[in-house]
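Peer 1: Here is how the chains run, residue by residue.
There are 2 protein chains.
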Amino acid sequence: MAQDLPQLLIIHPPLSLIHIESQLSRKFHLLGAWESELPLDKFLTTYARSVQAMLSSPITRVNADLLRLLPGLKLVATPTAGVNNIDLVECRQRGISVTTSGSAFSEDVADIAVGLLIDVQSKSQQQIGGKRVGIVGLGKIGSEVAKRLEAFGCIVSYNSRRKKQALPYLFYSNVHELAANTDALIICCALTDQTRHMINKEELVRCLVHGEIGGAGLDVFENEPHVPQELFALDNVFLSPHKAALTPESFERSNRIVIANLEAFFSNKPSITPFNG
Amino acid sequence: MAQDLPQLLIIHPPLSLIHIESQLSRKFHLLGAWESELPLDKFLTTYARSVQAMLSSPITRVNADLLRLLPGLKLVATPTAGVNNIDLVECRQRGISVTTSGSAFSEDVADIAVGLLIDVQSKSQQQIGGKRVGIVGLGKIGSEVAKRLEAFGCIVSYNSRRKKQALPYLFYSNVHELAANTDALIICCALTDQTRHMINKEELVRCLVHGEIGGAGLDVFENEPHVPQELFALDNVFLSPHKAALTPESFERSNRIVIANLEAFFSNKPSITPFNG
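Protein sequence lines correspond, in order, to chains C and W. When we follow full-length UniProt numbering, the leftmost residue of the first sequence carries the number 1, and every step to the right adds one. When we follow full-length UniProt numbering, the leftmost residue of the second sequence carries the number 1, and every step to the right adds one.
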């Protein structure tokens, strides 16, 4: 009986749920708040006070208000790479673990980043080989981007919180210095309080309109699905609808990781892909 | 005096002439047929009967009719990679050397080919990593494409006139067999009588419309600037206006090679980049 399985809270269904719902429901007793007629706080206090694990979605705001209603929570598993919807400080204070999709999406996202770079360079008839490309954030995605750029003959440098001793690329501790010393920038960092508005929209559009920046390729926007209208008018801008990661293979990897993290949690084993910020 | 310099015949000005005309005219006595009011045959018999070297352009048809009017010709230098406008058999019979732009454009063209692949795969939400990609023609461009695809985690195989022993990719002697064993094909071969219509337009469009092919990225068309209208209606087709090679850096490389080939010829030295078909 489902009631005998460990409980898994899902407030909003993540995009990939459709692919794993049947698999999840064989292993867990799913508490789907979005399917209930009760208001969320009522649903949580009625059904989920004792829940230990939650599968989050990018639109679920896992903040202090929510966590206060879930005193038993010990794990937030998100099927995404980003954790910008999760209050990590609050989770840490409450002893709640956060797991992500790890590198499930990294290669596909890197492919699209490089594709956008080629589109932009090609539009402005710029050769890619020999160009100095700066990567902001040399994590999993940034490293995959760097690997590809090397094959194109680019000179790769990067900015990151820490210098990565094992990697041969030139490190800049300051993102402005990186920008000043490169022909193109690729932003691969996670969205955090520190990185939010690192690139200012008004400044970006102004630079593009005045030709101070030769072009831009964008897959992610601040207020999706809204995209700043000014960008559509610029023919040196390539827009992609935040879909870099949406391949069936990426989803499959992410789904396997979500399930592995949940099973590890309920077996008292370490997380497969803990968030380490 | 220009008259003392070696003669160089130019029937139609190649795109890059504007960048090297002054440099060429310091070294050669330029005979510009396109600037003359005389009809071409008259111009050639009047001014160019004794000319030994010619700078060709993609629109100059270097065929038997033309060569008959140029009995002294010993060199056709083309600033392009393609030689489909040149009757190579006729040149060989007349002992005329043909030089090309060598690999001046190869890296830029490879970049765009990979960019189109990413566009097409991304449009259909297909992962690139792990995909089997077949390269038709593993010459200079094909090899650069292969190098880039390896960084994306693709499994590269190829069809070519000859197996390249030094390269690690799987060889198919038959292009249909290559197509049957790969997820995507990239056409990198030269246009010759053997390769013309290897991909049939009607067949290509039919396959795209019926979803038998997931998508296509095209930078070159048979009757440029005309592009088959059916292609514009297909949202799984990415079109680029034969501009893959048009970066300033590629032109500069090509110009240097043209001049080096001409200088080598007039100093009785071997060509820098002879065409070897």
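Keep in mind the hints are simulated off the structure, nothing from the lab. Nothing here was measured: the structure is a model prediction, and the numbers come from that model. Don't take each hint at face value.
Put simply, identical chains are the same to the list, so a pair is met inside one copy or across any two.
Unchecked claim - Simulated crosslink set (BS3-like; lysine-lysine; CA at most 25 Å straight-line):
hint : residue 1 : residue 2
1    : Lys140    : Lys243
2    : Lys163    : Lys243
3    : Lys74     : Lys243
4    : Lys164    : Lys27
5    : Lys140    : Lys123
Peer 1: Now, for every hint given, state plainly whether the structure supports it.
Peer 2: Here is what the structure says about each hint:
| no. | hint | result |
| --- | --- | --- |
| 1 | Lys140 with Lys243 | within (18 Å within a copy, 33 Å between copies) |
| 2 | Lys163 with Lys243 | neither (30 Å within a copy, 39 Å between copies) |
| 3 | Lys74 with Lys243 | neither (31 Å within a copy, 56 Å between copies) |
| 4 | Lys164 with Lys27 | neither (40 Å within a copy, 52 Å between copies) |
| 5 | Lys140 with Lys123 | between (28 Å within a copy, 23 Å between copies) |
Going through the hint list in order, the structure does not satisfy hints 2, 3 and 4.
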